[in-house]
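One letter stands for each residue in the lines below.
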Amino acid sequence: MRWKLSILIIFLSLQLFSQRYTISGFVNEAGSKESLIGVNISVQGKSLGTATNNYGFYSITLPSDSIELIYSFVGYQSQSYKVFLDNNIDLNVNLAPNIELEAIEVRADQPANSSQSSRMGVIEIPVQQVKALPTLLGEKDLLKVIQLMPGVKKGSEGSSGFYVRGGGPDQNLIILDDATVYNAYHLFGFVSLFNGDAIKSIELVKGGFPARYGGRLSSVLDINMKDGSKDKYSGEAGIGILSSRAVFEGPIVKDKASFLVSGRRSYLDILMMPFISKNQDTYGGYFFYDFTAKANWEIDKKNKIYVSGYFGRDKFYIKDNFMNSNYSAGLYWQNATTSVRWNRVIHSRLFSNLSFIHSLYQLKIYNKESYGDILNKNIFEMEYSSGIRDLGLKYDFSWMPAPNHNIKFGAVLIQHAFKPSAIVLRDDNINLFEKNVHTIYSIEACSYIEDEIKIKNRARLNLGGRISNHILDDGSTRSHIEPRLSSSYYLSPVSSLKLSYAVMNQYLHLLSNTGLGLPTDLWVPATSKVPAQNSWQTAFGYAYDFNKIASTFSIEAYYKEMNRIITYRPGASFLLIEDFSGANEISWEDNVIEGRGESYGIEALFQRRRGRFNGWFGYTLSWTIHQFDELNYGKPFFAKYDRRHDISIVAIYELTDNLNISATWVYGTGNALTIPIASYQAVQEAKQNYLYPIYVEETSSINGFRMAPYHRMDLGIQRIKKSKDYTRIWEFSFYNVYNRKNPFYYNITKETHYDEKTGKSYSINKLQQVSLFPIIPSFSYSIKF
Amino acid sequence: MNRFINIYLFLISIILTACIEDVDEKYYPKSEAKLVMFCEINEKDSIPIIITRTTPASYNELIEEDPYSYNQINFVEDAIVKVINNNTNQEIIVSFDDNSNSYYIDQTIFPFINGEKYSIRVEAENFKSIESTIFIRDQRNIEADFNTQVIDLNDMNSKLLVSGEVNDFKGEDNYYLIEVFYYGSDYYPSYYRTIVSDKNKVSKIPFRMEMYYDSQLKFDSLTLFISDIDYHYYMYLNSLENQSNGPFTEPTPVYSNIKNGLGIFTSVFRNKFEKVIIGD
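Protein chains in written order, with our numbering: chain A, 1 to 785; chain B, 786 to 1065.
Read the hints as simulated data drawn from the structure, not as lab findings. Please note that the accuracy of each hint is not assured.
[Stated by the list, open to error] With a straight-line cut-off of 25 Å between C-alpha atoms, the simulated BS3-like cross-links for lysine-lysine are:
hint	chain 1	residue 1	chain 2	residue 2
1	A	K256	A	K200
2	A	K200	A	K315
3	B	K815	A	K635
4	B	K1003	A	K766
5	A	K741	B	K902
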């Protein structure tokens, strides 16, 4: 009997001890009900906590007790709730924005210590910081802000393209509300296609990838659009030198459903119209526009639907009419994305999201010439097009069974449809042919699981894996297992050592001649002949939080190996057709070669995200090396975007409540470049006392020349004027304040000169540097209502 | 409003106007003038060795002919050109021939023998000496099948299509130069060429050449040469073909097997095939 009683007592005490309850809900912005991503929820006096997910949902399971929960987020007033946990609780919280010092208030109770996070190589940039920084031509460009972070390099002058830890522009997965964006740039890369006014959050993952991310070797840029206010109608409109933009949002059904629409258009072509008569012989123009729309509907407490879409287009055109001849040519590219997402809280500890995703990218180049009279008209027409279209289904789950486990699992299915290059040519003088490339289909099917594990107060671990399958156009399947690990070992409450490891596979390639991410670059699938790219990356780091000054210091060393990266074979390009009549036989697979690459380096970041004076200092020391058997005689060479030193200093200072000043300074070792270093006549054949020479240039070894170092300072001043109904913002920016002539590219020109003394003429090969942007003042005005 | 637009366009034009400036010579890539050699050993009695030089950036080049010509060949006339049979150590120094602007080797005096190794060394004042060595392999008979077809595209243009297959030598990497000379009774021969390799490891290597010409010209015979060339010559010709493919291509270095210099030293054996063009 005694032993039975003992068992009963032990069982009851275990039951009591293990009695746990869950507090879950959504954290929204007070008023607009905009869901807030990454809000920290901590338990007062305990080292327990969690954060809201991409939809503002949180869940924390704790033993029965009286507790105080603190909700805190950058730019918002913290809130705390005392609750007694004796059953599961639904607790939706609304955080109010800081009114006085928007986004920049320093609070001593901010618990968001980055040293305590297991994640490595993650950059989160508050949208408010993006908006406060100086601009080029008045365009708020979040990709240009991303370029200011360590480990992220910009391409050429003014370009929004970015390169992460030695990876090419194709190795960045850019996601807008779950939909992939294949070409994220307007104006040949000078402006990103994201309208900053419609963006809620930006996160760049450059290493230590959690298992839920995959499909690219180097980075994931996750961008979430604003949901739209559920409370009242509001908007924002602005004009800059290059384009104008507007955002409008409001409730469809108050507190239940809302919408947001935004648009942007450049107007250089419109302003030039009065100066160009349609009767003029030659005229041309360029414009871009984009349009974003999003709607969401809260069906009930457990179900929400989001629908979002983006469409943007760039077009450059030229026309020439002379006598009986007409010529027109142009180039345009367009992006479109759609995502429909269904959030469901299945249980207080289990959250799910089902997404249907569509993305499209298309490029078209056309050229039409006609000449001769009506009776005898000759026509030459050429049209080149390429593109990629994705249809995807994604089902993600978050399960939070205990305070020390946060398990995410799910599956992704994407069908890619590629049209690598379709050419339609009509030439009355030769013949007619049409090369309609068959659409190539491939399917990516992945499943993943990861667990964020807290090991007492000493460590945190994100352990996971991803199984990815690629079904090729010919029906064959390739499968890969991708283990993932990132961890943090706490040295103290404010410092930690970090370690990460990730294997990635990429089932599509971007064929690029320039490596700059131009719209003419060609997306192609991995095939049995040109297999998938693969990489593994490891990183080791240290993080320290300076809580008193709300700052963080981190340093990371990384090594990344990339296999089966591709490039065009020497001399080939996306439009290489030496003989049009034989173009049907040209395959892009014959125009590419396969190689490998490695990148390694050290990145340091000191960042202050809050306070009147905030910003960051970043430094990167890195090497990126490529090797292709058919390039550079098989010898390794530095990648074009290899950059030994990269420094960025960003400072934002709020002088008064109505006046902000900001400055950025960047320095980077010059890009590696292949340039001609001499010229000569190469003999092709010597036949019957006659030489067949060809003028050629002796080039440096591949990327064997370094451009001059790049450095630049930008300044910005924001004047904010608030009234009862609206807020006006005047902004002045100065790009390249000290007018540094940074190199854009180099070429060799042959100049001739006559020497009066000798009476002879000489020629000289001269190296010239072309610079793009001098000091550029710009102005923008926006109004919020 | 017009004033505003004018100011706007003025600002935009300033912004978009690129600035071009000469790079200070101290930042030039290090480059000095190099000797360039071309020598193709074949079945002919006299083998020319052509020695020229490069013009580096910032180098003042005397213009001897057309001041705007890019085709001026800078022959090096005062070089010491030594040809060595590495198997027998027999050497010969060849002198410059003003008529042909080259250094000639007379095969009746210094024959090139199959299966032996040869070097050429060139020394010239103000240049690094250059050297190259090749092995002359045995001449092999190449078997090939080919067809010709003349297609009248319209009243103005015709196309001559030559296509066929080369029987590849098994068990080794092979490279072939295919040249076509097509003749009309009253015209100079026209010439076209292509290079193929057996990199795809097939036993028969297909080739296809398409030549366009004025329909007024009537060709009646065709000579096809298929040459067994070495890897170096294949790479050299391939890299020359890859030059100047437009603004979207990366600069491509020209392949060379000349130590300290540029150019090519190779041996070529031609197999001759002749055919009457059917149809015209």
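task: Provide an ascending list of the numbers of those earlier hints which the structure does not satisfy.
output: Of the numbered hints, 2, 4, 5 do not hold.
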